[in-house]
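The listed protein sequences derive, respectively, from chains H and S. In terms of my numbering, the first sequence opens at residue 20 and continues consecutively. In terms of my numbering, the second sequence opens at residue 2 and continues consecutively.
I should point out that these hints are in silico values taken from the structure, not numbers from a laboratory. What you are looking at is a predicted structure, and each value in this text was computed from that prediction instead of being measured. Just to be clear, a hint being listed does not mean it is correct.
[As the list claims (entries may be wrong)] Each computed EDC-like pair below joins lysine to aspartate or glutamate, with the alpha-carbon atoms no more than 20 angstroms apart:
hint : chain 1 : residue 1 : chain 2 : residue 2
1    : S       : K48       : S       : D271
2    : S       : K200      : H       : D319
3    : H       : K104      : S       : D255
4    : H       : K104      : S       : E251
Listed below, chain by chain, are the residues.
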Amino acid sequence: MKSAQMKNILRKNTITFILLIMVVLLAVFARGFLSVNNLLSILRSMAIIGVAAFGMTMVIIGGEIDLSIGSTIGLSAVLTAWVAKQLQGALGADWAVIIGMAVAILAAALVGLFNGFIRVRFNIPSFIITLAMLNVLYGLAAILSSGFPITISAQWFNVIGAGRIIKTGGFSGLPVASIWLVLIFLIVFVVMNRTRFGREVYAVGGNQEASRLSGVNIAKVKIITMVVSQVTAAISGIILASQVLSGSPQFGRGYETDVISAVIIGGASLSGGLGRTTGTLFGILFLGVILNGMTLLGVDDYVKYVVRGSLILLAVILNTIQTQKARHTL
Amino acid sequence: MRKLLSLVLVLVLTLGAVAAFAESKGKVAGVVFQEDQFMMLLQMGYKDAAEEAGYEFFPANTNNDAAKEFEFINTYVDQGFKGIAISPISEEASIAPLTAAAAQGLKIALSNSSLGGLDWMIACYTSDNYNLGNSTGKIAAEYIKKNFPADQTVNIGILQFKTLLPEQSSARSSGFMDAVKELPNVVIVDDQDAWLQDKAITAASDMLTAHPEINILWSANEGGTIGSTMAIKNAGLAGKVVSFGTDAGEQMADLILSEDNILQAVTGQDPYNIGVLTMKALIQEIETGNFEQRGELIIVPGVVLTREDPVATQTFKDNFIKMTTGGN
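Okay, chain H solo, but in the shape it has when bound:
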């Protein structure tokens, strides 16, 4: 292979190579890192951030942003637990939690619809709308729960976020949370790469005026992506509530930064029009591997902040350079 070709491959897959280097280093220095159970544990841990990140990928490619998803995660967990608690006397704990999940997802879809409507009707930047909603949704979750965690009594609910399937002798099973992660990835991947709507999202994010002239319904695209972002955040909230069998308004606080980091590390441009679902998957794995690796290495907690922030910054700088080059070649 020629060195120019090699350079090109390296440039196009910067994050994948950084991730590979990290994996090799951790495999050598961090005890237990390469075990199947640990690798699956990373997938399970990152399912909450990851599911929301795929929704965010669509929003960012479409040229918008959703800063409210951290609060949506908390509100969905609280709504699921709160509805389950209110209805368990009448319907039993099992049905009550199912209805709780449905209410949480429906509420998130309505929030997304509201965010999208305000965006297109009043032409207010999405970061301002969703920044305001970040506070509104957190407040609603706190009001609903009176600030206290709400316990969920249906034990089967734990399977959604913490269950394992296909257990064999030495294998502790495939985490169900990782299946949600892969499922949402596949859905978003197909939508973004194999459907007309996906092409419209790229078009709207890349050049809104050209899209409008080509007959794309910009309002519809923006509203749908905002709804998807909220619904995926609600699914993350339900997975989180399932893992700890409770819902608290504290859940999800600050998650929007991790989710947006994963998308940006994955190569999406905040200006819209550029980004890949597979890139986001690598971004999620990148964050998961850093977090897991530092815990396995027993890195000092104060140092963790510095290392994590620096690695994210490095990844974003390298990806931004790559994105700028990609834009110039378009």
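With chain H fixed as given, assemble chain S onto it according to the hints.
Just chain S now, kept in the frame of chain H:
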């Protein structure tokens, strides 16, 4: 029509203000610095004691922001508040604004701090963080003696909140470690930081992966305890690894009562009572100018919940639910 509505509005507001002023003995505030369960209960204690004594109560939350704390304190001075009960953000940074406010006549009682003996403070009601850890540590030591042979190494992993509140976290973990390290076969194999359920579950899972030899997880607060207990359950390690923890609430009681036999014991604080006692001290000082234990650091005992005493745990849970939901 508009004039009539304005007149009615002014009348209602004036009557409301007059009525509030006539009924209230004055304004007092309760200031906390986080939105967790402990602070919510502390705030409820402040409120109930203030309203029972006939004062108009104003809650506030500084959200760990020193600038916000400074702003609140100045506002209370400007608005002629009689006094405040406050859980200060820092034992260093909060002293200057509080001292200045006290010099301007604001009465100040403290909660949840180790400050004591300062001439401007009425008193400080708090838990003893060392004892919170030590109390659970002694129960863990008994558990180890009962369940492990003396020649078997018992490996313990710890979850703290040292990057959030270093003094408190360190006091609790020192208390726990001092108790368990009296046993020669105990080794602390890992010590991580995670205090919210969602982060703690990941940190605890990673610890269990890095150290499959761990037998016990201890956590310094509620989020850590719930997260580590659920991490053990989710990893299918119930029956192999157990947990001990700190703080007490509804879910903690449920986990102790659960048949999975993971969470063995917790030592909880009594934030509601701390809030009530702090506000009562403040009001006594406001009304009589003579609080007997002026300037003292007063320890409010915690509550121990164990798997050995399910009746006490159930009673605690019932009372907790009644207190937080108003009996609903």
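To see whether the hints hold, each was checked on the structure:
1. K48/S x D271/S: holds, 15 angstroms
2. K200/S x D319/H: With a Cα-Cα distance of about 16 angstroms, the restraint between K200/S and D319/H holds, given a limit of 20 angstroms.
3. K104/H x D255/S: It holds: about 15 angstroms lies between the C-alpha atoms, which stays within 20 angstroms.
4. K104/H x E251/S: Distance of about 13 angstroms is within 20 angstroms: holds.
In this structure, none of the earlier numbered hints is contradicted; all agree with it.
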